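Start from chain A and add chain B according to the hints.
Protein chains in written order, with this note's numbering: chain A, 1 to 274; chain B, 1 to 287.
Please note that the accuracy of each hint is not assured.
Said to hold, decoys possible - Facing chain B, according to a computed beta carbon distance under 7 Å, are these residues of chain A, among others:
| no. | residue |
| --- | --- |
| 1 | Leu39 |
| 2 | Val117 |
| 3 | Phe120 |
| 4 | Leu124 |
| 5 | Leu126 |
| 6 | Pro145 |
| 7 | Ala247 |
| 8 | Leu254 |
No wet-lab data here; the hints were simulated from the structure.
Since the structure is predicted, the reported quantities are computational estimates derived from the model, not experimental observations.
Here a beta-carbon is modelled for each residue, glycine too, at the ideal position from N, C-alpha and C.
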Amino acid sequence: MKLTRSLKYHVPSILFAIFFLFPFYWLLESTTKDNTQLLQGTFTPGIPNHFIHDNLIGIFAFKNGVFANWLFNSFMYAVSGSLIGTFLAALAGFAFRRYQFFGRKFLFVLILGFAMVPGFATALPLFVMFKNLGMIDSYWAVIIPSLVNVFGVYLMVVYWNQIPEEMFDAAMIDGAGDFRIFWRIGLPSIVPGFTTLVLLSFVAIWNNYFLPLVMLSSSDKFPLILGITTVTSLQGFPVYNLSVMGAFLTSVPLLILFSFMQRFLSPQLTGAIK
Amino acid sequence: MRKTSTLKAYAFLAPFLVFFALVFVYPVLFGGYLSLFGQRGARMWWVGLGNYATVLTDPQFWGGFGLPAFLLFVQVPLMLLLGIIIALLYERIKHSRVYRLIFYLPYAMPGIVAGLLWAYIFSKSMSPFVPLMHAFGVKNPNFITYPSLPWILLIIILWEWTGYTSLILYSTLLSIPKEYAEQAQLDGATHTQVAYYIKVPLLKNTVLVLFIFNAIGALQVFNEPWILGQLITLSPNYTPAIYIYNEAFSYGAFTHAIAMGLVLAAVIFVISFFFLRRSTKELNIHA
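Same shape as in the complex, but just chain A:
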């Protein structure tokens, strides 16, 4: 089918593009405005430009610099959760791929079944569990649940299934032990899949609101996503220009990550989802 340049296809596409891009544009132009300019509701960036002076400095100065904590926390939760979680999922996926064992089918169904259990059915009992252990309002209360990536195990099985049996057989003939097969041969072969999962997990943990909302009460342990909803004045009204800057800074790392993800994402993942 010949690809077309015709206008009648581009017009709706451009309209959609405007719809999808508008909030990004609004966000960008609003970061340049202080509160007075925001209340004017224009489509253009503010003049004079308040990006650095009121907004960037302001958000970092908010409540004695807690924003820097939020930034650090988001990275910490997301990096540790995605790397370790993906590694655990890769180990599990390898087991399903490589071995026949007692309970294999049952265990797989069990794992996927629990994956369907929504976050808040487990969050409340987890809250009680951590509370009894005195771990509520600690970093671990957020990190530990983030390590379990059930959808990741599913994806890992898909990725591992793509490795041909011959590869393992050849390694076995060469006398490699099982963990060595996993580490030296298996992992390098699924690098694209591994990376994709790390990126997906990173985004999911970065954006996870409910878990920290339930587990944390000290502002200095909040991730960005939770922190920016607390950018309020003493009376409890949101400070608009700082909120906007906070939203912007929360989104930027993800958008940067997305340019990496773009290359890995399309064919494999959508195929796996099917």
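Frame of chain A; chain B shown alone:
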């Protein structure tokens, strides 16, 4: 040949299983246990299935399903329709890669941030549309009201997910053999007819899967209504998930909230189960 070795398999599985048991299995079981108790503050007493009786007959709880139902029956079909149209556009347009990236971008936004942004964009104080409406003679436009809230949420969620949906549909379209369309065109069909009579029916499976995924998401929706609830007062049972949170943390009725959570999980589980059986077949887990 796949090796038979239970010991080695579990050695690889162990790290994952330990955390899985800790974070999923034990909480569900422990939660089930806790839900058999009534509770006020630190005091707990045995009520057996009392909590569940309350939940299942609680009009507030089931009333909360109104919004997910709205999303499921209005937003999701609309999104699937737009997704199909957009996927077909991707197929036809040169340089569709640019559009694909742009439409996918909202997926990168956290739901909370998206909700916040749209809330500001539609707010009385900051909306750039307000001066626009003034120009049309509308005096005091108020986009976000209690009645309009579901529609605002519809816009937000459409914005977030349509691009992602369209990509999944597009990848399905790509797997349709070209011969089908070419044959039809040789027989004189227009592009629209080809799209409507040949391609769309072949998307049915993917559409079904997407519908189920979205159903699960709609039933659990929390973030977007919650953030809008910071700007406009919501009823405490606006969605089931919000009701559960409020029961636990505003009213302190923890065990009751856990019971509600498990009922909601059961509803979702039943729906997921059918999808689950399909996946295990495709993944060679029978072998």
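Report task. Please flag the earlier hints that this structure goes against, numbers listed from lowest up. Result -> Every hint satisfied by this model.
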